[in-house]
Structure formats: C-alpha cells, structure tokens
Amino acid sequence: MSSAAKSLAALAKPRWWEFALWAVLLCLPFGLPSHALLISEITIIALFAMSLDLILGYSGIVSLGHAAFFGMGAYTAALFAKHINPDPLLGLAVAGAVTAVLGAVCSLSVLRGSDLTRLMVTLGVALLLQELANKLDFITGGADGLQGVVMGPVLGRFEFDLLGQTAAWYALCVTLLVFLLLHQVVQSPFGFSLKTIRDNPLRAQAIGISVHARLMAVYTLAAALAGLAGGLQAQTTGFASLDVFGFDRSADVLLMLVIGGTGWLWGGIIGAVVFKTLHSLISAWTPQYWTFWLGLFLVLLMLLGRERLLRPWTWGRRT
Amino acid sequence: MLTILFDGVAYGMLLFILAIGLAVTLGLMNFINLAHGAFAMAGGYITVLFMQHAGLPFLLCVPLAFVFTAVLGALLEVTLYRRMYNKPHLDQVLFSIGLTFMAVAGVDYFVGSTQQLVQLPEFLKGRTELWDGALGMGHYRLAIIAVCAALTVALQLLLVRTRFGAQLRAAVDNQRVAAGMGIDVNRVFLITFAVGSGLAGLGGALGAEVLGLDPVFPMKFMIYFLIVVAVGGTSGLTGPLLAALLLGIADVAGKYYIPKLGAFIVYSLMIIILMWRPQGLFSRGSK
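Here the protein sequences line up with chains A and B, keeping their order.
Under our numbering, the first residue of the first sequence carries the number 1, and numbering increases by one thereafter.
Under our numbering, the first residue of the second sequence carries the number 1001, and numbering increases by one thereafter.
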C-alpha cells in the first residue's frame, strides 16, 4: 500500500469519540423518555441536513429547494402506508427509491449554470411539487394534509407507542446507518473527486473526472437520503402536509448546516441540535416573532464569518 | 383576450420596476440579494402609513416611498451589504434570507399581519371599455403602465447617455479595470444600490393595490423577482424587461384560462428556460 493510500485509509477510520457519541445518542430515548418526540424530530432533521451537506458541503451545489425531496419522501411514505402496505421499512425503502428517481431527473437541471441558476431551479422544483401536492387534493388531501396514516410495527415487533420511544429509536437507527454509509462514501475516491469538483470544476474535468456523471450520482444519493428523512417524518408522525415542501424548510436546513459547519458529517447533526434548541428557547420567550431573532442571528453570523462560529479561539481576531 | 393581455402587460411592467434593482445588484456586485422584496414591502408600507396616519394623498406618497426606501437602501449598503460582496454566494443567500426574516417579523410586530388596503384617488378608479368591451382597461393599471414605461425610458437614457451610466457599465463589465481608470467604484455601487432599492420601493407602493400588501410579501414575490433576473439576464435593461412582460402575461393568462394549474405554468416555464439557457434567455451568452 502506498503512503498516500495509507494516509487516506487512516482518515477513513472513525474516531473513538464518534463511537462514544453515537452510543450516547442511541441511549437518549432511554434516558429522556419524555423527550422522545423531540429526539426523533431532531434526528430526522439531522438526517435531512446530512443529505444536504452531501451536495452543498462536499460538492458545492447551493440548493434552496432541498425540501422537494424531503416532501416527496414524506408523501410517498404516507401514501404507501395508507394504500399499499403499512410496514415501515418497506415504506421507507419505497420512499428512498422514488425520491432517488426524482433526484436523478432533477440532477440534470443543476449541472449547468451559475449559483443563481441552481438556486432558482432547485427552488422552482420545490415550489412546483408543493403546487402539485396542493392541486392533486384527491390523492394528497390538498391543503388539509394527508391524514389517517397508520403504521405497522417496525420489523414486525416494535409497535409505535404514544411516547414516541420506538419512533426515536427507529429514526436514530436509520440515521446511524446512513451516517456509516456516508462515512464510507465521503472518504472514498468518489468522495474526494466530489471535493475536487467543488473546489475547481474546470481542473477536475482536466484531470479526467467526469464532472457531470459524478454530480448526477451525488445529487441522486442526496435526494434519496432526503427522501428517507421525509419518509421517517411521515411515518413517525402519521401525517404529511404541504409544509414539507415549504421554502422555510429548505432555508432552515441550510441554516442548520451552516451552524454545524459544512463539509463534515457531524455538521448536520450538531446544527440540527443547536437549531432546534435555539428554536424552542426563543419561541418559548416570543412565539410569534422568533423568525426576527433567527434572521438577526443569520445576519450577524454571515457578517462575522460562519467559519468562525466553530472556532471560538478566532473570535478576538480581525478578519 | 385583449383585457388579459393588457393586465398581463401592467403586471409585467410592475414586476420589471420591482426587479430591476435586483438585476443591477446582481450584475454589478455579483450579489444574490434575496431581501430585495423587503425593500418593495417597505415602499408599500411607507405609502400606507403616510396615507393613513399623516393623511397625505396617494400621489405624494409614491415619490416619498421612493425616497425613503432609497435612503434605507443606502444606509444598509454602507453598514451591511458592503461587507458581504466578497463572500461566497451561500453566505450572501443566508445573509439576505436573514434580513428578509427580520423584515417580515418586524413589520408583523409594528403594523400587524393583516392585509393593508390602499385608497386610490377617485380619478384612478375608473375603467374604460374599448371595442364593445373587448378591451377593458382599468385606469390605475393604465397609469402603472405609463409610469413604468416612463421610468424604463429614463433608466435607459441614464444608462446610455450620462457619465454615470458609462461608469456603471464600465464597473459591470470589469470592476478592477474600472477602478484602475479612476472610477470610484464604491460610490457607483452605493448610488446604484440606493436607486435600485428606491425603485423597488416605488414598485411596492404602486403595486400595493394590485399585488396585495402583507408582511409575507417579500417571501411571496421573491421567486418572481428572481425569475425576472435569472431569465432576463443582467446585461442591460431589455432582457429583464422582456422577461418581466413574458412572466406577467404568462401568469395572468395562466391564472385566467387554467386556474387549476395556477402557478404551475410559471414554475415549469422557468425551469425549462433555465435548463435550456442557464445564463438567461436574453443574455449575451456565457462569459
């Protein structure tokens, strides 16, 4: 093995604290049974943020419409459970597959053009799907949302309980599996080629990386994972409504990722935890106007530089 | 049929005035300003508040809206926006989303979330029917078209005939060379940003009656402004103007003939156009 391959292999190994942190996370529904609903909610958003990180942090595609895939996954999972089969894992697989197909189709639209074009196209797709879900009310329930989704037990044994412990476990396990998968993906040659494309598409092309094929592949993967997150959300809450496609959702997840830091897998998880904590703190204090403080936080964060949020020792320095 | 075309043109002209500031900011500073709609909303609210509380006539309030939002834009440019020009697009997007959130919540807090109504003066309220009703023209929409057309001509003259216009075009084409030739690029940026914001405010004031005015205005119309800019390109006034007219007519016609599909047509058209020509429909081609 060459020294380069060795150093790459060393990078790919999970650190000890990652195992420890996951062990703690998996025990959370035990330790805080009264907060199980919140835990599963945060876990699902963390998964969603991780999927966005794959295209934003690793591949450099700015998307304002990632909720399109979240929403597609949510509606697919809800409809599948309602009309075809209530098994959660089967439904989740179907949700992932359907959004993967959608992602593959949409990936054609983000290959060319500037950041603005990509912003517009991704936002447009999300709005389009929201409009579609609104108008196809005989299938989706329109503005009232899709109600009456009853899920079967996970693996045929674990029933969803009212406290939400099963839901939290289920979401945590799926997210852990995705995390492990992504850990392999981003440290693989494929992952490194993505970072090359992010840093300089022209040079990536010049050294023989097929930029378009790689971007399509990663966009499809990210879409499928966002679909899983959406599917989890629909399955654990038994409900899917139009706001799964909303602009707010796409903007929020972008913010979470920025809080946690783009381009590393824990970014989405940390961001989701911090964002949700902030949300519940501020909205307990001023429920109606919490977006003002969110906006102020965003503006300040961007003015001071988002890289510095994660590096407190640089706060005193001037840029 | 003609009536729909007429309404579409009025709507499109309004969108053009609202979005032109955004096109300039984007072309000049390469800054993606999602908060542009907030300036338009500010213009609308300034008009409403002056009319309701100070009792000023509508015709006086509209220029006031321009002045106030231009000053607001200039202040924000100097204090906040200037620091963001060299940051990545992601930062700019999040920064301007943050500003939008603040504007929405702020207006909600101070004015309330209800829809605001604008009392038009009597002489703008009528409607003229031509050719046995084949073409019905609301007087107010006629006035909008006239004002917007006049503004467009004025802007074009400003851009092509004046010294400032030449400086602006030079700065858009190549900032560094322009600065090297002794053009004070920062000043050009500041004036352009202020005028662009002012125009958005003016559009917001004029459009309050047509588009509706409530705190979520910047979110609701953000996509429309962006469409005008993305489809029209940023290299001149003609592109955004044609894009705005196309969007206005497509939207009005779509909502009238196929109300079931609603905004569907506009979004799909936009995606197709941007996939076909990512640099915009009327741009000079890729740089």
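Any given hint could turn out to be false.
[As the list claims (entries may be wrong)] Simulated DEER-style distance windows between Cβ atoms: (1) A/G305 / B/V1177: 46 to 54 Å; (2) B/R1163 / A/G305: 47 to 55 Å; (3) A/Q147 / B/V1216: 23 to 31 Å; (4) A/A5 / B/M1181: 33 to 41 Å; (5) A/S210 / B/V1160: 43 to 51 Å; (6) B/L1060 / A/L111: 48 to 56 Å; (7) B/A1146 / A/F190: 54 to 62 Å; (8) A/F190 / B/F1110: 48 to 56 Å.
[Unchecked claim] In silico DSBU-like links for lysine-lysine, alpha-carbon gap of 30 Å or less: (9) B/K1087 / A/K82; (10) B/K1260 / A/K276; (11) A/K6 / A/K195; (12) A/K135 / B/K1255.
To be clear, the hints were calculated from the coordinates, so they are not data collected in a lab.
No residue lacks a Cβ here, since even glycine has one placed at the ideal position from N, Cα and C.
Status of the hints after comparison with the structure:
1. Evaluation of the 46 to 54 Å hint for A/G305 and B/V1177 yields a failure: the beta carbon distance comes to about 29 Å.
2. About 37 Å separates the C-beta atoms of B/R1163 and A/G305, a value inconsistent with the hinted range of 47 to 55 Å.
3. Judged by the Cβ atoms, the range 23 to 31 Å given for A/Q147 and B/V1216 holds: they are separated by roughly 26 Å.
4. Between A/A5 and B/M1181 the beta carbon distance is about 53 Å. The supplied range of 33 to 41 Å is therefore violated.
5. In this structure the hint that A/S210 and B/V1160 lie 43 to 51 Å apart at CB holds, the actual value being about 45 Å.
6. A C-beta distance of roughly 51 Å is found between B/L1060 and A/L111, which places it inside the suggested range of 48 to 56 Å.
7. At roughly 59 Å, the beta carbons of B/A1146 and A/F190 sit within the given window of 54 to 62 Å.
8. In this structure the hint that A/F190 and B/F1110 lie 48 to 56 Å apart at CB holds, the actual value being about 52 Å.
9. Between B/K1087 and A/K82 the CA atoms are separated by roughly 47 Å; this puts the pair beyond 30 Å, and the hint is violated.
10. As the CA atoms of B/K1260 and A/K276 are separated by approximately 37 Å, the hinted pair breaks the 30 Å bound.
11. For the hint pairing A/K6 with A/K195, the CA-to-CA distance comes to about 19 Å; that is within 30 Å, so the pair holds.
12. Between A/K135 and B/K1255 the CA atoms are separated by roughly 14 Å; this keeps the pair inside 30 Å, and the hint holds.
Against the hints set out earlier in the document, violations occur for numbers 1, 2, 4, 9 and 10.
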